[in-house]
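Protein chains: 2
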Amino acid sequence: MENKDFIESLNSFCTKFDKHLEKWSQLPTFPQKLKNSISYINKTGGKRIRPFIVCEIASLFGAGFDKSIAAAVAIEMIHTYSLIHDDLPSMDNDDFRRGKMTLHKKYDEAIAILTGDSLLTESFSLLVKNYGKKNPKMSVDLILYLSCAAGGAGLVGGQILDLYPTGKNLNSIKRMQKMKTGELFICSSAFGAILGAASKKDFKNMIFIGDRLGRSFQIIDDILDVIGDEKIVGKKTRKDREQGKVTLVDLLGIKKSRLMAKKYIEESIEVLSHYRNKSDRLIALSKYIIDRSL
Amino acid sequence: MENKDFIESLNSFCTKFDKHLEKWSQLPTFPQKLKNSISYINKTGGKRIRPFIVCEIASLFGAGFDKSIAAAVAIEMIHTYSLIHDDLPSMDNDDFRRGKMTLHKKYDEAIAILTGDSLLTESFSLLVKNYGKKNPKMSVDLILYLSCAAGGAGLVGGQILDLYPTGKNLNSIKRMQKMKTGELFICSSAFGAILGAASKKDFKNMIFIGDRLGRSFQIIDDILDVIGDEKIVGKKTRKDREQGKVTLVDLLGIKKSRLMAKKYIEESIEVLSHYRNKSDRLIALSKYIIDRSL
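Chains as they are written, first to last, in the working numbering: chain Y, 1 to 294; chain W, 1 to 294.
Hints in this document: simulated from the structure, not taken from any laboratory.
Any given hint could be a false lead.
Which copy is meant is left open, so a pair is good if it fits within one copy or across any two.
With a Cα cut of at most 27 Å, we get these calculated DSSO-like pairs of lysine-lysine [unchecked claim]:
1. 43 - 201
2. 23 - 239
3. 105 - 287
4. 134 - 231
5. 35 - 245
6. 178 - 105
7. 278 - 100
8. 35 - 174
9. 168 - 33
10. 67 - 137
11. 200 - 137
12. 174 - 33
13. 204 - 106
14. 35 - 178
15. 278 - 4
16. 178 - 168
17. 201 - 174
18. 178 - 33
19. 168 - 106
20. 105 - 236
21. 239 - 137
22. 134 - 200
23. 35 - 168
My request is simple: use the sequences and hints to build the entire structure.
Below, the structure is given as structure tokens:
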């Protein structure tokens, strides 16, 4: 699949996805102020890579969009909440994200913190409401994966290690990145496999793909922080160095880091090629992840 | 049951409960910094009223401590996270809670926000891990109740309405209090009923009791903010007025407010008296809620 066709396919996914995100991330009974801030953050967009992975992997095993979309929205709500909290003045102190004002700049810190809290909480609500009645076992599996990926041993713990590193060597950086970025990519793959009731072997393969996509995604993120164009990336760059953060790029250099990301992507594509015909878009996504400029 | 005996019984519950809270609110794989802050916040104590309600109502319907304790811990983790976030400088800006430094004072804001995020996320993890395998349906019911009580139509939405009131009349204050405090009390009751597989009628009764306990608890909290002794209450008092918040006490006066709280408690006791012999401690708790000085 050509990159141009893939971008078209991703964009068309985003259009459908964003409608569900807007509908399911809020309830009519929420205070108006909360509804406004959720709508604002939804409209700032995003690449929607994680939900795309959920739906594509689910479809690899025969589960269609109607079945996978709620799980995909739940993952994106968690991702969005984590960006809102990471951007806060007491953490990364970012004024812009995706080229738009961050939530605490648009409203205030209290609204930003509480909007994040709402998205985090409601993502679990969405999973029980959509899968709990028909298939409680599936609902339990999804919530187990998501809560582990998002909690203190995943996303939250990774953010703490990013702010307060326990070491500046390759292993400690890899541990932090696995927790902060990797676990949610793995969870996206696992979600697809759970929704598609994949076999044990297929499940393992999907976890591997999620891991590889997550690792390469994070390396490219670090590279873009060094060489990226702020206008294209949509957020402040050269921040890691300013904040004294040591990244993989600092330790290995840009060339070696890119080679490492490329190796991960090749490993992902190698496994995906076993799922002939159905995995075209996931292979194109893998390539997109290392070729992207934002 | 005499108040003295009840306090003894509550204290003995707290001793057992706190051990489980400390064990289950963190995993060995969490970053050390996160483990420290979770342990700190656990050690600041608390009245543990919500988990007490969970376990007592569960036992009313034959579900013992071993079965109910994980759900009780999950509720308290949500309550603790909400206090940590409410105390932040961008919200209520409190330096002390339960007579000890608030988390952002002890560490910093980033750690406080992330510790709250971890507790919130892991409470759902705890529910799937403890009930999901044996009884996925029960696990789904618990998560549905908790996520609705804690989300934008509950706790989070209530905090937004507390910070940004949409009105200063009795109805708008009651709506805010129901969301901010009431829903989690109701959820505690619902948890007990779910764990004990209560009948539809009993379930309805328990929801009623949770609602009444929550309402009177919040009124007494507002009264203590006006007349309470900071040293006993363990946090800054006279804050609502300083922050320009209009409470029920402002609208009705202390005497009428106390009468209203008393009426709610009588209604709770009336229903509890149908569960003879087994409801002694819950009746004593109801009385404790309006007689407390902290």
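Evaluation of the provided hints:
no. : hint      : in the structure
1   : 43 - 201  : neither (38 Å within a copy, 44 Å between copies)
2   : 23 - 239  : neither (34 Å within a copy, 37 Å between copies)
3   : 105 - 287 : neither (34 Å within a copy, 46 Å between copies)
4   : 134 - 231 : neither (46 Å within a copy, 52 Å between copies)
5   : 35 - 245  : between (35 Å within a copy, 22 Å between copies)
6   : 178 - 105 : neither (29 Å within a copy, 30 Å between copies)
7   : 278 - 100 : neither (36 Å within a copy, 58 Å between copies)
8   : 35 - 174  : between (37 Å within a copy, 20 Å between copies)
9   : 168 - 33  : between (42 Å within a copy, 17 Å between copies)
10  : 67 - 137  : both (15 Å within a copy, 20 Å between copies)
11  : 200 - 137 : both (16 Å within a copy, 24 Å between copies)
12  : 174 - 33  : between (39 Å within a copy, 18 Å between copies)
13  : 204 - 106 : neither (42 Å within a copy, 43 Å between copies)
14  : 35 - 178  : between (32 Å within a copy, 19 Å between copies)
15  : 278 - 4   : within (18 Å within a copy, 69 Å between copies)
16  : 178 - 168 : within (15 Å within a copy, 48 Å between copies)
17  : 201 - 174 : within (26 Å within a copy, 54 Å between copies)
18  : 178 - 33  : between (35 Å within a copy, 18 Å between copies)
19  : 168 - 106 : between (35 Å within a copy, 26 Å between copies)
20  : 105 - 236 : within (14 Å within a copy, 29 Å between copies)
21  : 239 - 137 : neither (43 Å within a copy, 47 Å between copies)
22  : 134 - 200 : both (22 Å within a copy, 21 Å between copies)
23  : 35 - 168  : between (41 Å within a copy, 21 Å between copies)
Comparing the model with each earlier hint shows violations of hints 1, 2, 3, 4, 6, 7, 13, 21; every other hint is respected.
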